[in-house]
Amino acid sequence: MSDLAIRVQELGKQYRSGGRAPAATLREALYDALRAPWRRQPERHRDFWALQDVSFEVRRSEVLGVIGPNGAGKSTLLRILSRITEPTRGRVEMRGRVGSLLEVGTGFHPELSGRENVYLNGAILGMRRREIAARFDEIVAFAELEQFIDMPVKRYSTGMYLRLAFAVAAHLEPEILLVDEVLAVGDARFQRRCLGKMDEVARAGRAVLLVSHNMAAIANLCHQALVLEQGRVVYQGDAQTAVLRYLQTGSQDENAHALNLRHRTGNGPVRFTSFTCVDDAGNPLPCLISGQTCRFRIGYAADHAFAQSPTGIPLSEVSLSEISLSEVSLVITLPDGTNLVNLSTHFFPDAFAGALPAQGQLECCVPRFPLRFGRYFVDLYCAVNQELSDYVRAAASFEVHDGDFYGTGRLTRAESGAVLLPHTWRVASAMPE
Amino acid sequence: MTGSPISYPDNPPPPTLLIEPSSRRVSLQLDRLWAYRELLYFLVWRDVKVRYKQTALGILWILLQPVASMIIFTLLFGYLLAVPSGDAPYPLFAFAALLPWNYFAGSLHRAGASLVGNTNLITRVYFPRLIIPISSVLSGLADLVIAFVLLLGLMLYFGVMPTAAVWWLPAFVLLALITALGFGLWLAALNVRYRDVNHILPFLVQLWMYATPVVYGSSLIPERFRLLLALNPMTGVVEGFRWALLGRVLADARPPTALFLVSVTISLLVLLAGLIYFRHTERTFADVI
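Each protein sequence line maps, in turn, to chains C and R. Here our numbering is used: the first residue of the first sequence is 156, the next is one more, and so on. Here our numbering is used: the first residue of the second sequence is 7, the next is one more, and so on.
If you're looking for bench data, these hints aren't it; they were derived computationally from the structure. Treat each hint with caution, since some may be false.
[Claimed, not checked] According to the in silico footprint, chain C covers these stretches of chain R (three or more CB under 8 Å from chain C):
| no. | region |
| --- | --- |
| 1 | 127 to 135 |
| 2 | 279 to 286 |
[Said to hold, decoys possible] DMTMM-like mimics (lysine to aspartate or glutamate), calculated; alpha carbons at most 25 Å apart, straight line:
| no. | chain 1 | residue 1 | chain 2 | residue 2 |
| --- | --- | --- | --- | --- |
| 3 | R | K55 | C | D158 |
| 4 | C | K309 | C | D393 |
| 5 | C | K352 | C | E266 |
| 6 | R | K55 | R | E44 |
| 7 | C | K309 | C | E299 |
| 8 | C | K352 | C | E293 |
| 9 | C | K309 | R | D37 |
| 10 | R | K55 | C | E212 |
| 11 | R | K55 | C | E570 |
| 12 | C | K352 | C | D393 |
| 13 | C | K352 | C | E330 |
| 14 | C | K309 | C | E241 |
| 15 | C | K309 | C | E330 |
| 16 | R | K59 | C | E301 |
| 17 | C | K352 | C | D158 |
| 18 | C | K309 | C | E293 |
| 19 | R | K55 | C | E286 |
| 20 | C | K352 | C | E301 |
| 21 | R | K59 | C | D305 |
| 22 | C | K352 | C | E212 |
| 23 | R | K55 | C | D305 |
| 24 | R | K59 | C | D393 |
[Unchecked claim] Covered stretches of chain C (chain R as the covering partner; in silico rule of three or more C-beta atoms under 8 Å from a C-beta of chain R):
| no. | region |
| --- | --- |
| 25 | 233 to 246 |
| 26 | 264 to 278 |
Cβ coordinates follow ideal geometry from the N, Cα and C atoms, glycine included.
Turn these sequences into a full structure, and let the hints guide you.
What follows is the structure, given as structure tokens:
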């Protein structure tokens, strides 16, 4: 077909992993060679396919989304398409100039001025000097940096830096644009402009391949999407369907159960052992979705090693067969530690009124989960007999994806704010004439 | 975006690009270098600009190193050890050799560290990786030119006029460049895999300098060992510089033709081997770095 922009056929990329690592220094390499000159390569290695049998096509004017859990091969795919790394198998055909936005601002140098960086960055992205010169004013205007263009970029704020970097990339005008996660940076206004630009690029008859964790962006921008899992394409088709499919299945092997115990205080008799997010049926979820019911399961166990009676005499096992908790809290925080929500039994004094088994799981249920896309951390706290028993900060984390919070068939997005509140709108009264 | 898309009549869309696993046989793909010449230009320009911007002393700083070396060598080798320098004043004798040597040592150093220093480019954008070590070898030329002006000043001061052979200088600079690039390609590619290459480098450069007739003249070496000395391509460069600039006042004013030819051959062989090794390992840079 003549309007074909990208054709990928049975693409595969193999990495070596496991076994003995090859020598990291020349000294080690020489030592290995002297010790065992007949053995050229460490033999014990496992071949690992980061990408396997991936085939798809992108037409002009089409935006193809690529989604999948971390490590599914999305970045590897982009790296192959942008020729940073070579495939092990298969082939790719690309018709037209390829521009890649793997990270905005690649090659920016802090000592150089904004003007100088525009030229440098443009050249790195594959623009000719004449092209950059012809579009220079437009780029600066897009970035809204007319007054600061001759200032070294080390004095720029992060926002200014990103605006300039994106402005250069946005004026690249390739026939094929590869985008990775640029939407994850910058403020809401900047993200909106990125989205707008992407839409415009597709409308101008170019092909866009967008890799993102932002499900709303995929659903809104892309016509088609692929879901990658462990290097293979598990779904290919309509973007909305792909997003739903990804959110429902996800990868089951995420090790969400183990707690990170680096920030632990308290040495009471009850210790936290695990944290999981589960669905209504009790199956572990890879991530939460805004607006859906979520159940946090917190595992605990009475720990003999730490169990001390108030008199300092170790408690016998018999007396630990049942415990009584006076308070349990689950605090959801931002990655920087800012507390967002404290889900505490303080307000539900009867929650664990009776005696509890020596080990088990507690469940906290949040109907219509009200936070937006992002990664959140969890602090766990419990008290026994009004005394701190265990307190683990940043014990676990979970990911939330945008969902249909309002039940109106629209996914939440960056403009929806950080917290979602159930609400309604109506006309309260007519404006007096 | 505001304006309408501009069309570039002389930049037609490139033909279909094919990405496939590369075959065992590696071609040098020097044509791709030409296609990316503007990037090369910008990288050289960036290196030079940043180097002169970052230091408060600017140009003075660039001159400080060779001048300091010259003074130390003059005291040590010129006066104390009385190394023969023909009729040429020893400071001039040393400086004429330090000029290409410093260029070579600096370029080798920069080229060796260049790939690792540009990790963010290598893991994010495609371009022929050869551009990076080439740009580090080229950007050193700016320092060379500045130091050269100082050398001319010194020659005036000592009243030594260059010979007509001065027009050969660019050829010797080119030889130094090729040598630095040839070895630099090896070091850069090895450095991606083995980070201790960077620690070996200063030591290597130090030894290399004493193996090169910088502080002494090759006339000090017995005749039968001279061609052995020429196996080090920098011998040809350094002796060439002296011959072209100070020919009149050297003890032995014959052109170092044999020396030069051996040096050229060796350095071209090293460059070719470096190119092949570099191209061979290039495809794994982004995975290993």
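We went through each hint and held it up to the structure:
1. 127 to 135: holds (count 7)
2. 279 to 286: With 0 residues close enough to chain C, the hint is violated.
3. K55/R x D158/C: Measuring from Cα to Cα gives roughly 44 Å; hence the hint is violated.
4. K309/C x D393/C: At roughly 43 Å apart (the allowed maximum being 25 Å), D393/C and K309/C break the hint.
5. K352/C x E266/C: Violated: K352/C and E266/C sit about 29 Å apart, past 25 Å.
6. K55/R x E44/R: holds, 16 Å
7. K309/C x E299/C: holds, 17 Å
8. K352/C x E293/C: The hint holds at about 14 Å.
9. K309/C x D37/R: violated, 36 Å
10. K55/R x E212/C: Not OK: K55/R and E212/C at ~44 Å, beyond 25 Å, violated.
11. K55/R x E570/C: violated, 42 Å
12. K352/C x D393/C: holds, 22 Å
13. K352/C x E330/C: Roughly 14 Å between the alpha carbons, so the hint for K352/C and E330/C holds.
14. K309/C x E241/C: violated, 34 Å
15. K309/C x E330/C: Outside the cut-off at roughly 32 Å; violated.
16. K59/R x E301/C: holds, 23 Å
17. K352/C x D158/C: holds, 21 Å
18. K309/C x E293/C: Holds. K309/C to E293/C sits at ~22 Å (cutoff 25 Å).
19. K55/R x E286/C: Holds. K55/R to E286/C sits at ~22 Å (cutoff 25 Å).
20. K352/C x E301/C: holds, 20 Å
21. K59/R x D305/C: Distance ~14 Å between K59/R and D305/C Cα, so the pair holds.
22. K352/C x E212/C: Answer holds: K352/C to E212/C is near 22 Å, not above 25 Å.
23. K55/R x D305/C: holds, 14 Å
24. K59/R x D393/C: Given that 25 Å is the threshold and the Cα spacing comes to 52 Å, the pair is violated.
25. 233 to 246: Contact hint for the region 233 to 246 of chain C vs chain R: holds, 13 residues under 8 Å.
26. 264 to 278: Contact hint for the region 264 to 278 of chain C vs chain R: holds, 7 residues under 8 Å.
Figure legend: structure checked against the earlier numbered hints; hints not met, in rising order: 2, 3, 4, 5, 9, 10, 11, 14, 15 and 24.
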